[in-house]
Amino acid sequence: MILLLLALCSAQAAPPPGLPEIAQRAWIRAERAEAEGDPLEAARIYRSVWKIQGRIEGLLARAAALARAGELERALEELQEAGPDRDARVARARLLIEADRSREAAKILRGLTAGWGADPEIAQLRVQAELGVDPSGAMEPFALWLTLHEQELFEDEEVVRLAASLAHAWIERGEFERSRAVLDAASQTSSTVREALRSLYDELDLRQRAQLLAARPSLRLTAEASAGIRSATEALRQGEVRRAQRALSALPDAQLLHPEVLAVRARVALASGSPEQAEADLRLAETLDPLDPRWPVERATILDTHFGQRFDAEVFEALGRALRLRPENEEWRLQRVRVGARLGQDQVVREDLDWLSERSASAEVHRLAEDLARPRIEPAPIPPGNACPTGVEPEACAYFFLAFVLAQRDWPATVGAEQSDRDRAVRLIEQARTSAPGWVRPLNLQASLALGAPRPDAVTEAVALLRESLRIEPDQPDVYVFLGRLLRQGGDREGALEAWTRAVSSPSVGGAVAHLYLAEDAWGRWQIVAAQRHLDAYRAAAPSTTASLEARADRLAARLSGLRGGALAGGVFGALGLLVLATVLLGRLRRRPGVAELLEREPGAWRELAALASSTRHEVLRHHLGALGPIAESLERGDDRPARWLAERLDHPQGPLHRARERLAAVSSIASARGYPIDVAADPTFGPLVRLLDGLDVLRPSLRRGRGDIAWKLHALALLLEDEVEPKLAAFVRSAGRVVFDEGVIDRAIRAVRAEPTASWSEHVRFMIEPLPNDLTLRAEPEDVHEILCNVLRNAAAASAAAREDEIRVRVEIEEDPITAEEQIVVRIADRAPQPLTTSAIRSRPMEHGLGLTFDRVRRCGGSIAVEDEPGFAKAVVVRLPRVDPLTQEEG
Amino acid sequence: MKVLIIEDGYEYHELFQRFLPDVTWIRQGSGPEALRWLERHDVEAIFLDLCFDRIPTEALLGDEEALTHRFNGDPVQARSYLQEQQGLFVLAALRAAGCTLPVILALEARDEPARWQRLQARYAPVDPLPDLHRPDILRRRLAELVEESPPS
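Here the protein sequences come in this chain order: A and B. What the first sequence shows, in my numbering, is residues 2 to 893, in sequence order. What the second sequence shows, in my numbering, is residues 32 to 183, in sequence order.
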């Protein structure tokens, strides 16, 4: 984009890539006209590139030429007519800035930042425009922007320069609070994207500081920094938090990542009511300086004091790390005993108590020893921890956890950015894997990311990664469950069954979920007893998983109980009922099911089948067979040429018979791959097509010879095509699962998310649902819509809770494509939480497989998902899903 | 009557040539080709295919980059959308270039009636695909459209 805009400023720039040859020639003519001092002529030629080729570059170049010719208003008007095109709006803003009309430019750019995510070019322009509007206070939105998108922006040299000068300007004015926001963003980035910083900041003063920050901190504290720390500590001691903040803000930024500075910063954050920030700072301090036990202990204390018992496991691990470094510390050991007792870590607690008893006879040690001796009814479950496992390099952990955060926020923050969060996360994971090749979590996350990537082989890649992960660490039931789902999705039922069977042996939630999948599979194959057995095992092992799994289990239980009910119904008619039931079941077993039965069990197969039905209608029936009637009439008139022409087409290896049979074979494969073989010939949707093709096959030799006596048969086939084949296929294409999208759908998702066992935030967060437009029906499976909503609501709520912002707004709109007139239902979920790089954000999203699956679901529904700015909020996650034409809704 | 068929294959062209031989059918394989051809030639109507998945990507009209953004940064999905809806991008380009010829678009009205109302409001004169099993209906509809349309 920058290149493009530079091109607009230079009369000698090359034509944009990808232009057809004729347009390239026009472009060169236009450039020549500009060079000869005739921008109006250039503008005229550029118009042809725009109008004829439909290329926006033509419009942009024309606008620039018009502006140079003094026709600024005309240029602005034409750019405005291009509608919401991003490039046109950027060009308009640029022209306005050049014309000193910053207010108008700022308005456009504010709108653009709402619609295009992190984009350094727009950020720079916006800074220029905002400065023009209000030189003193204009930077505030920019500072916010930096906080939200520091990764993207700090990789842009110009933004770094602006940020640095901004921070310095504020420091000079004594506005340390503001400067700190920018410096904080810089410090977070520099600790993680060190390679990028090294290459980017070659010519900048900030580079030297950033390099120092990025390097492993063997750096010594400068006298200035030591003084700053002393001053901040003293201020804290006196209860003057703001003074402490100012003292830290005034530190040279090369020192901001020093563990001592981080520790003081954590204390200041704690004093100003932000334990999340404090905990994050101390985690970073420990990552950078893993040989100092103070950081894990201080962090453990914060977790223990401010987050209740939710993170006992992490507290326990942190204290363990500290004690390995300094085993003689009695206080830490006592602290570990308290937490370990809550976690049921009997072995460690006993050893600690023995160690303590030898050295101390305190009453608490005695009491704890007695507690331990008393039998416990049930040990507290260990919550999932995110502490760096023993034996894994801290650097690898830092890479992994950052990748995790980036992966979670890839909702698209990065639309328009040169490098997406996902790409960055993938790179970080690779670094984590290099640093710790035997650690499986990076592999699992990489699989999830691969699944969300826009590549046809995404599932294959994800499967390979999961297999690798299981090769390294076979005891991962949830990974087996995930693998099984992917294999099943890819049609490898046997592989899926094997994966789930391996998982069920584990007494964990993963093992329970595997039982549920096995139950569903058994039900699909009418193995009623096995289905019931697995369902019972699921119920016994996991009384509460997620709302959607519970709903699936309930549905299956209802079906099974329906069968039992049928069998037991009716006292004296019991035997008769059983007989009827057996007859029905035997009938169903004898008759191979059709597409309807397949979709009842596997609604996700609809999109593939509908694509086949649609392409059959389009490519086979319309293109090739649309003239059966007229061919029959020609034969009746004695003209056999059309019949011979049709025979040629039917004989052709790429002809309609061949292509239609290929598609029917694909329908069968889709069903078989899902474990539910169907009888296509007997299927009400595809059966008529089979009959048509068989009929044409039989007629082929007669058509070749042009025999007139087959005319009536062709008429009959034309009738079959018109009355049965086409309408059945068309109806099937229109028969997608439909969801009437109303407040109830959103309510159900909110209730499901609140009901999840991990939803500790739920009591703090409020959802405001704006009134919905009428007549909203989606073409999607209800389960997909529910899961997508749950995922984005859960993310928004968890982030809001972590940022102590309790309000989330849900707005639903209809959006129409300006070219194709298709309508989308747009769900905007706005919250005020910045996208933080803190461990609390990681903790709130423990399932790293959710993201890829949600992307997959959205794609399967033909929709999209993005993060956009939202006035009055920090951001909105925006889900777009196709709307069913309101005039056809009743057909569903 | 002289009608331009814009399609990525040859199927409609062959079919119409054979069964409606009294109409002069001319075929162009993509939007840009058709636009260039129309600069120098006259026809009375246009038959426009909807899906263009057999031509090079460079020959597709439409903003692939913007669509990629719309589809989560997924270029495959964006290209597929561009191919599947290309007829409408061609139609938009025709109208933007000042072409007011009547168009029959290979998109059925009964599938999406409300969308068709919007399309007709935006790109008139445009009609949905008639029943192809009766080529004479297509001819009649083309003639009606030409008659109804104001001279361009």
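Hint data in this document are derived by calculation from the structure and do not stem from the laboratory. It is possible that part of the hints are untrue.
Derived list of chain A stretches under chain B, where covered just means 3 residues or more per stretch with a C-beta under 8 Å from a C-beta of chain B [to be verified]:
| hint | segment |
| --- | --- |
| 1 | 18–26 |
| 2 | 814–825 |
With the Cβ distance kept under 7 Å, some of the chain B side facing chain A (calculated, not the full set) [said to hold, decoys possible]:
| hint | residue |
| --- | --- |
| 3 | Leu46 |
| 4 | Phe50 |
| 5 | Phe102 |
| 6 | Gln116 |
| 7 | Leu119 |
| 8 | Phe120 |
| 9 | Ala123 |
| 10 | Arg126 |
| 11 | Ala128 |
| 12 | Pro144 |
| 13 | Ala145 |
| 14 | Arg149 |
| 15 | Leu150 |
| 16 | Pro166 |
| 17 | Arg170 |
Beta carbons: idealized from backbone N, C-alpha and C, even for Gly.
We went through each hint and held it up to the structure:
Look at the segment 18–26 of chain A against chain B: 3 of its residues bring a Cβ nearer than 8 Å to a Cβ of that chain, three or more, so the hint holds. Only residues whose C-beta sits within less than 8 Å of a C-beta in chain B count toward coverage, and the segment 814–825 of chain A has 6 of them, enough to reach three; the restraint holds. Hint status for Leu46(B): holds, given a least beta-carbon distance of 6 Å to chain A, under 7 Å. A hinted interface residue such as Phe50(B) counts as satisfied when its beta carbon comes closer than 7 Å to some beta carbon of chain A; here the least separation is about 5 Å, so the hint holds.
This hint holds: Phe102(B) has a C-beta 5 Å from the nearest C-beta of chain A, less than the 7 Å allowed. Taking 7 Å as the C-beta cut-off, the interface hint given for Gln116(B) holds, the closest approach to chain A being about 5 Å. For the restraint placing Leu119(B) at the interface with chain A, the shortest Cβ-Cβ distance is roughly 5 Å, inside the 7 Å limit, so the hint holds. Evaluation of the Phe120(B) hint against chain A yields a held restraint, the C-beta minimum of about 6 Å falling below 7 Å.
Taking 7 Å as the C-beta cut-off, the interface hint given for Ala123(B) holds, the closest approach to chain A being about 5 Å. Hint status for Arg126(B) relative to chain A: violated, with the closest Cβ pair at about 11 Å, above 7 Å. Checking Ala128(B) against chain A by beta carbon gives a least distance of about 5 Å; that is within 7 Å, so the hint holds. With a least beta-carbon distance of about 4 Å to chain A, the hint placing Pro144(B) at the interface is held under the 7 Å criterion.
The criterion of a C-beta within 7 Å of any C-beta in chain A is met by Ala145(B), whose closest approach is roughly 4 Å, and the hint holds. A hinted interface residue such as Arg149(B) counts as satisfied when its beta carbon comes closer than 7 Å to some beta carbon of chain A; here the least separation is about 4 Å, so the hint holds. Because the closest C-beta pair between Leu150(B) and chain A is about 5 Å apart, less than 7 Å, the hint holds. Taken as an interface hint, Pro166(B) checks out: its beta carbon lies about 6 Å from the nearest beta carbon of chain A, inside 7 Å.
Taking 7 Å as the C-beta cut-off, the interface hint given for Arg170(B) is violated, the closest approach to chain A being about 11 Å.
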